[in-house]
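Protein chains: 2
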Amino acid sequence: MERGLLAVISGFAGAGKGTIVSQILKTHENYVVSVSATTRAPGKGEVDGVHYFFLTQDKFDHMVSENEFLEYASYVNHSYGTPRSFVEEQLNQGKDVLLEIDIQGGRQVRKIYPDTPLIFITPPSIDELVRRLTSRGRDSAESIARRLQRAAKEAEEIEEYDYVLVNDEIEACTERLHAVIQAEKARVNRRQDLIAEIQKQAALLCNPS
Amino acid sequence: MERGLLAVISGFAGAGKGTIVSQILKTHENYVVSVSATTRAPGKGEVDGVHYFFLTQDKFDHMVSENEFLEYASYVNHSYGTPRSFVEEQLNQGKDVLLEIDIQGGRQVRKIYPDTPLIFITPPSIDELVRRLTSRGRDSAESIARRLQRAAKEAEEIEEYDYVLVNDEIEACTERLHAVIQAEKARVNRRQDLIAEIQKQAALLCNPS
Numbered sequence: 216m217e218r219g220l221l222a223v224i225s226g227f228a229g230a231g232k233g234t235i236v237s238q239i240l241k242t243h244e245n246y247v248v249s250v251s252a253t254t255r256a257p258g259k260g261e262v263d264g265v266h267y268f269f270l271t272q273d274k275f276d277h278m279v280s281e282n283e284f285l286e287y288a289s290y291v292n293h294s295y296g297t298p299r300s301f302v303e304e305q306l307n308q309g310k311d312v313l314l315e316i317d318i319q320g321g322r323q324v325r326k327i328y329p330d331t332p333l334i335f336i337t338p339p340s341i342d343e344l345v346r347r348l349t350s351r352g353r354d355s356a357e358s359i360a361r362r363l364q365r366a367a368k369e370a371e372e373i374e375e376y377d378y379v380l381v382n383d384e385i386e387a388c389t390e391r392l393h394a395v396i397q398a399e400k401a402r403v404n405r406r407q408d409l410i411a412e413i414q415k416q417a418a419l420l421c422n423p424s
Numbered sequence: 216m217e218r219g220l221l222a223v224i225s226g227f228a229g230a231g232k233g234t235i236v237s238q239i240l241k242t243h244e245n246y247v248v249s250v251s252a253t254t255r256a257p258g259k260g261e262v263d264g265v266h267y268f269f270l271t272q273d274k275f276d277h278m279v280s281e282n283e284f285l286e287y288a289s290y291v292n293h294s295y296g297t298p299r300s301f302v303e304e305q306l307n308q309g310k311d312v313l314l315e316i317d318i319q320g321g322r323q324v325r326k327i328y329p330d331t332p333l334i335f336i337t338p339p340s341i342d343e344l345v346r347r348l349t350s351r352g353r354d355s356a357e358s359i360a361r362r363l364q365r366a367a368k369e370a371e372e373i374e375e376y377d378y379v380l381v382n383d384e385i386e387a388c389t390e391r392l393h394a395v396i397q398a399e400k401a402r403v404n405r406r407q408d409l410i411a412e413i414q415k416q417a418a419l420l421c422n423p424s
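Just so you know, the protein sequences line up as chains A and B, in that order. Each residue of the first sequence is one higher than the last, beginning at 216 in the working numbering. Each residue of the second sequence is one higher than the last, beginning at 216 in the working numbering.
Among the clues, some could well be false.
Chain copies aren't distinguished; within one or between two, either way the pair holds.
Derived pair list, reagent style EDC-like, types lysine to aspartate or glutamate, alpha-carbon separation capped at 16 Å [claimed, not checked]: (1) K400 - D377; (2) K326 - E283; (3) K415 - E372; (4) K415 - E315; (5) K259 - E375; (6) K368 - D354; (7) K310 - E244; (8) K310 - E217; (9) K400 - E261; (10) K400 - E374; (11) K241 - E386; (12) K326 - E244.
No lab work stands behind these hints: they were computed from the structure.
Build out the structure end to end from the sequences listed, making use of the hints.
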């Protein structure tokens, strides 16, 4: 069983990264999205183990101390993290695991798995981002302002990523994400076993035993 | 007009790289394959400007001295090279240009365009390579032996490439090649203009003029 690929997906709030991730799960086999752990209470309709692993703060802190998170962040009221065991199991089963986290999380994951590709999803322009955030009508003016301020900060960090995908159209952007994952799986540093085998066989062509 | 991508495609003789390149030209828009220059005489059915640019040795040597090749190689009897002007024109027209050359050529291209991806196409195994070379029945035993010896040498150089694609099945391998080209176009170092524009617009969110 070939080990799956781990990839980090980030993007401005309103860039549509959640939609792209849902779409790739629907249209292509072999993907799973990592389920995060959180200490916040379940929201309406949120299912433990599906949307999040809902943990007490004690349990969360214990997992931190046992190094059981690939990455985590603690805010004033709540903590969020990516349980390492879930990701490891999926990778070992050959699944390609998408982590929907921000650059702080991406940096932590890179320390553990240095060749994890970091992928940033952006709308075609900031004007378009503003339009999407205001037109979906589910956010307050204050919430929109906060998201835009966060976007301004995130924009400064795009160069830390390996890939930037423009979400101009959901299907097209999903295919671009799939292309990136397939290409990453073909990178020479990930095909060392195959290369070694080819080289071993090829060497026998000139020096048959 | 966004500049196209230049990519080097190599592979063992018999790996099917010519077939994969033909297939991608047929099934996807935006690709062109570079036409090489050569000093050898046209073979049966070969058309000047389509299969090769057929040049005299004097003309070829002049182009070498004028630095008009992206890469070239001279053998005992003949010279081969990639005219820089053809490639430049296609890239400027936004075309993705595939160069079907070996690692020596790839190294020369990298000196001029350092971020050119180098892609190696291999059959699933050397046994399969031997089977393909012997079963197509168009090569003499001597020619097959020569190709296999060359393959043994090329195998040692696979690690110089960026990607290795297994040609287990033509359509699947063609899609993998297409994925690599699409992914390369999304790499952050190739999207600097977009990123700069997003950053400029995003900065205005916090400091509107």
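Results for each hint:
Proximity of K400 to D377 under the C-alpha cut-off of 16 Å is found in both arrangements, the shortest distances being 14 Å within a copy and 11 Å between copies. For the homomeric pair K326 and E283, the shortest alpha-carbon distance inside one copy (14 Å) is at most 16 Å, but the shortest distance between copies (45 Å) is not. In this homomeric assembly, K415 and E372 come within 16 Å of each other (Cα to Cα) only across copies, at 13 Å, whereas the closest approach inside a single copy is 43 Å. Neither within a single protomer nor between protomers do K415 and E315 lie at most 16 Å apart by alpha-carbon distance, with minima of 40 Å and 25 Å respectively.
Taking the closest pair of Cα atoms, K259 and E375 never come within 16 Å of each other, the shortest separation being 35 Å inside a single copy and 53 Å across copies. For the homomeric pair K368 and D354, neither the shortest alpha-carbon distance inside one copy (20 Å) nor that between copies (62 Å) is at most 16 Å. Taking the shortest alpha-carbon separations for K310 and E244, only the intra-copy value of 9 Å comes in at or below 16 Å, while the best inter-copy value is 31 Å. In this assembly of identical chains, K310 and E217 lie within 16 Å of each other by CA distance solely inside one copy; the values are 9 Å within and 35 Å between copies.
In the homo-oligomer, the alpha carbons of K400 and E261 never lie at most 16 Å apart, since the shortest distance is 33 Å inside one protomer and 38 Å across protomers. When the C-alpha separation of K400 and E374 is checked against a cutoff of 16 Å, the pair qualifies only between copies, where the shortest distance is 15 Å, while the shortest distance within a copy is 22 Å. In this homomeric assembly, K241 and E386 come within 16 Å of each other (Cα to Cα) only inside a single copy, at 11 Å, whereas the closest approach across copies is 22 Å. When the C-alpha separation of K326 and E244 is checked against a cutoff of 16 Å, the pair qualifies neither within a copy, at 28 Å, nor between copies, at 39 Å.
Consistency note: the structure conflicts with the earlier hints numbered 4, 5, 6, 9 and 12.
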